[in-house]
Structures are given as structure tokens and as C-alpha cells.
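**Q** Note that the protein sequences, when read in sequence, are chains A and B. Taking the numbering used here, the leading residue of the first sequence gets 1085, the next gets one more, and so forth. Taking the numbering used here, the leading residue of the second sequence gets -13, the next gets one more, and so forth.
No lab work stands behind these hints: they were computed from the structure. Every residue, glycine too, gets a C-beta built ideally from N, C-alpha and C. It is possible that part of the hints are untrue.
[To be verified] With a straight-line cut-off of 27 Å between C-alpha atoms, the simulated DSS-like cross-links for lysine-lysine are:
| no. | chain 1 | residue 1 | chain 2 | residue 2 |
| --- | --- | --- | --- | --- |
| 1 | A | 1141 | B | 82 |
| 2 | A | 1143 | B | 82 |
| 3 | A | 1143 | A | 1209 |
| 4 | A | 1223 | B | 82 |
| 5 | B | 68 | A | 1223 |
| 6 | A | 1141 | B | 15 |
| 7 | A | 1197 | B | 26 |
| 8 | A | 1197 | B | 68 |
| 9 | A | 1209 | B | 15 |
| 10 | B | 26 | B | 60 |
| 11 | B | 82 | A | 1209 |
| 12 | A | 1223 | B | 26 |
| 13 | B | 26 | B | 68 |
| 14 | B | 15 | A | 1143 |
| 15 | A | 1197 | B | 60 |
| 16 | B | 46 | A | 1143 |
[Stated by the list, open to error] Partial pick of chain B residues on the chain A-facing surface, computed with a CB cut under 10 Å:
| no. | residue |
| --- | --- |
| 17 | -5 |
| 18 | 10 |
| 19 | 11 |
| 20 | 22 |
| 21 | 26 |
| 22 | 71 |
| 23 | 83 |
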Amino acid sequence: MIIRLSLRKNFRKLIINPKGFSSVMGSIFMVLAALVLATNVFLWTLSQNTSYFQAVKEKNQLEVDRLNERLSAENVNYIVSDDVVSVEVDLRNEGPLSVHLTTLWVLDTTIRKYGFNDTLNINLKPGEMLILRGPDAIKVTIEDADNIHVFNSWFVTTRGNLVPLGKERGIIVAQLAQGIGSLALNFSAFRFFTYESTTKLANYPQGIISFNVPSRTYIAFGVILTNLDPSKQTITLNQYSQVWLYFPKAPGQSIVFYIVNVETDGTIKTPYSPITIAFGETKLVTFASSTEEA
Amino acid sequence: MVLFWAHYRSSAYNEQYSEAVNADIARLKERLAFEYVFYKGDYLTVYLLNCGTIDNVTVKTVYIYFGNNSTLIKVFSNPALKQFNGTIIEDQDLDKGEEGYFILSPLSLQTGTSYSIRIVTGRGSTFDYTFIA
Chain A
1085 MIIRLSLRKN FRKLIINPKG FSSVMGSIFM VLAALVLATN VFLWTLSQNT SYFQAVKEKN
1145 QLEVDRLNER LSAENVNYIV SDDVVSVEVD LRNEGPLSVH LTTLWVLDTT IRKYGFNDTL
1205 NINLKPGEML ILRGPDAIKV TIEDADNIHV FNSWFVTTRG NLVPLGKERG IIVAQLAQGI
1265 GSLALNFSAF RFFTYESTTK LANYPQGIIS FNVPSRTYIA FGVILTNLDP SKQTITLNQY
1325 SQVWLYFPKA PGQSIVFYIV NVETDGTIKT PYSPITIAFG ETKLVTFASS TEEA
Chain B
-13 MVLFWAHYRS SAYNEQYSEA VNADIARLKE RLAFEYVFYK GDYLTVYLLN CGTIDNVTVK
47 TVYIYFGNNS TLIKVFSNPA LKQFNGTIIE DQDLDKGEEG YFILSPLSLQ TGTSYSIRIV
107 TGRGSTFDYT FIA
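The following block holds chain A by itself, in its conformation from the complex (with noise of 0.2 Å):
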């Protein structure tokens, strides 16, 4: 009780006392002040942390990401044509997130040169496949490369992953057996061709493609040869390469007929020069002549 009529006292004599009241009053507005100024540091801080671990947020997810790309590359075939490698690959994206890819690089590991094809812009969703092969084979030029070489060669995605390109692929077991050893013969396009003087083919290199033939009229034949070979190397025909004809109806008969160079305007060229056929190239081949020197 005497305490409480005490601070009454003390209170009244502050309020009637100018200067003392206007002290207090300055005080609490200081420690106002101070508060505010502390406040607005501490929120601003805040606000500064916030915005760091969004950033280190958003960067882990990324890096999740990066890690979530799943990409497989098989199959994996080179074939090269006047320093340009030809790279045919089944991509397949087996992870949960599209995949876009920039660049690929080729290395050629035998004379260590590289090349690159920087234009891909592929994209796959999850799940889907892609399959490059022929005309849209990815290209890339390496100077001096070879079909013998070895190659090696990896994706390059957009989130920075490198995707290397599996096993080359294997020669289908079907397409050299439908072939000569590592030579594949393309039945389908066997063709024929008459004569316009005794040098020269008539139809060359177009042809008649037909198994049947006109009797009684000087022919040659054509076949398409794709070298498949599965250590890669340059194929060779020389002058003793032929094509033999059966005749199932008259047992114990054939005929034979040997290569020939012709140009392209028909004419068979003597004497013959052989003919190669680099890994993974198609050519048509005539057999003409009876003789192994045309």
C-alpha cells in the first residue's frame, strides 16, 4: 500500500517536472528506435538467408537432375566415307527426366584425332528411343579417319553429362549369310545388262534386274556387294573373282564369268585393275568376261 501511494507520488511529481518527463519520453523513443533499426537488420539477414538456401535449393535440384539422366547409347556402328564418320546409334532415354543432347564427340584412338558435331539438338522424353541409322546417321569429320580405325565417342547433354556410346554393334549373323564371308550380296537388286558394241554395256548401271535372262544374246551381270567385314578391313577383288551359273536342269553345267572395270559410261576397261570396297560401302560389280584378264 505505501509502496503503490509512493510511485503515485513520484509519478505526479514526473508529470508536473517538464524536463524529467521529456527525458523519459526520449529514452523510450531511443529504445524504440534501437529496436527498429535491430529488427530491420535481423529481417533483411533473414530475408538474405532465405534467398541462399533457395539458390543452394534450386542448385541441388539440379544436381539431382543431372544425376537422374539416363541415357544409353548402343549399338553402336562407325562407317566412314572421305574423312566424314558416319556414327549409327539406338539412343534410348531410361531415366525419368527428358534428355537434350548438344554435341557429340568422336575420337579416332588410332591416329588420335577428334571431331565433333556440335548441331545435334535431340531431345527425348523418358522412355522414348531413337534409332540413327543411314541417312540420319550423326556425321562428324575427322581428318584421316578410317574404317579400321577404333573409335570412341561420347554424348554431351545439356545439363553437362557426358554419355559415352556403347559397343560397337555386331555384323548381323543373316546379312553375311546371305552374302560371300564378309561380302553381302543384295539378291534383290541382281541385275543384267546387254551389249551396245562388243566394249561397251548398253544399260549400264541401271540394268535389267531379273534372274531371267535373254538366251542367245551376249549379257553381263551386275551385283551389289556391301563389305560387312567384321574386322573392318578393305576387301579386295581381284582378277580371279567371278560369278558362277548353275543350271538346275542341266546338272554338272555352269558358266563362268569373270570381273571386269567399266566406266561409267559402260565401257569395259582392259586390262582389269582390282576392285576394293572399304567397310560398310556398297558397290555394283560387273562380270563380264570369260577370262580372268577380261
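Fit chain B to the supplied structure of chain A, relying on the hints for placement.
**A** Here is chain B on its own, set in the frame of chain A:
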């Protein structure tokens, strides 16, 4: 007077803290992928891709180490960035998704030996890669 001083100090603190945090965030957003590193005849060619989420990534310093960051061999500053087609990148930086390369020369490395390369960007991020010369 005291209030003004306190306000000035807190503002300065806020500014410095903000700058530091923004710099850290920018560093976090930087990411360089090494597409290929090739050494031949005293030349080391480094192909890069900016796969981060921020533009203007510059290459400030490049360190070449023997083995796995054990012995420093050579330091290169501000190598000239080129596009993949060989032309110089005018602004000398890599924007988001941009590819580029630089050549370090002269550099004598032993073929078949493992080396490390460390790139320090203008914002202070570092990116390491190990390669066989």
C-alpha cells in the same frame, strides 16, 4: 546523432551482407562441364560447356597440376575463349548453354600421364577435371 550513426551502420551492414550473399548465389549457379581436354604438341585444348543457370561465366585462371592436384605445373591467366567454330568469343564469357574452348600453350606434358586442370571463374568458382595427356 546516435540514431543516425546506428542507421548508417546497419545500412552499410545490410549492403555488404547483400553483396556477399548475391555473390555466393551467383557462384552457386555457375557450372562448367568439361566436354573434352586434348593435348598434342605443347598445346592443351580445353572444351567447355556452361551448364549452369547463370550467364557471363568467365575463365579467370587455369591451373595445371601433375596427377591428382598434387604438384602445380603451370598457371595461365585469362585464356582467350573461342567458339567451337574457332572464332573468338567477343565478350569472353560463356552464357547459359554456350560452348567454348581455350588453348593453353606452351605446355610440356608427358603423354600418357595423368594431369589435373582447375579452372577458376571470375566469380571465384572452381571446376576440376582429370585427363591423360
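**Q** Any of the earlier hints contradicted here, and which numbers?
**A** none
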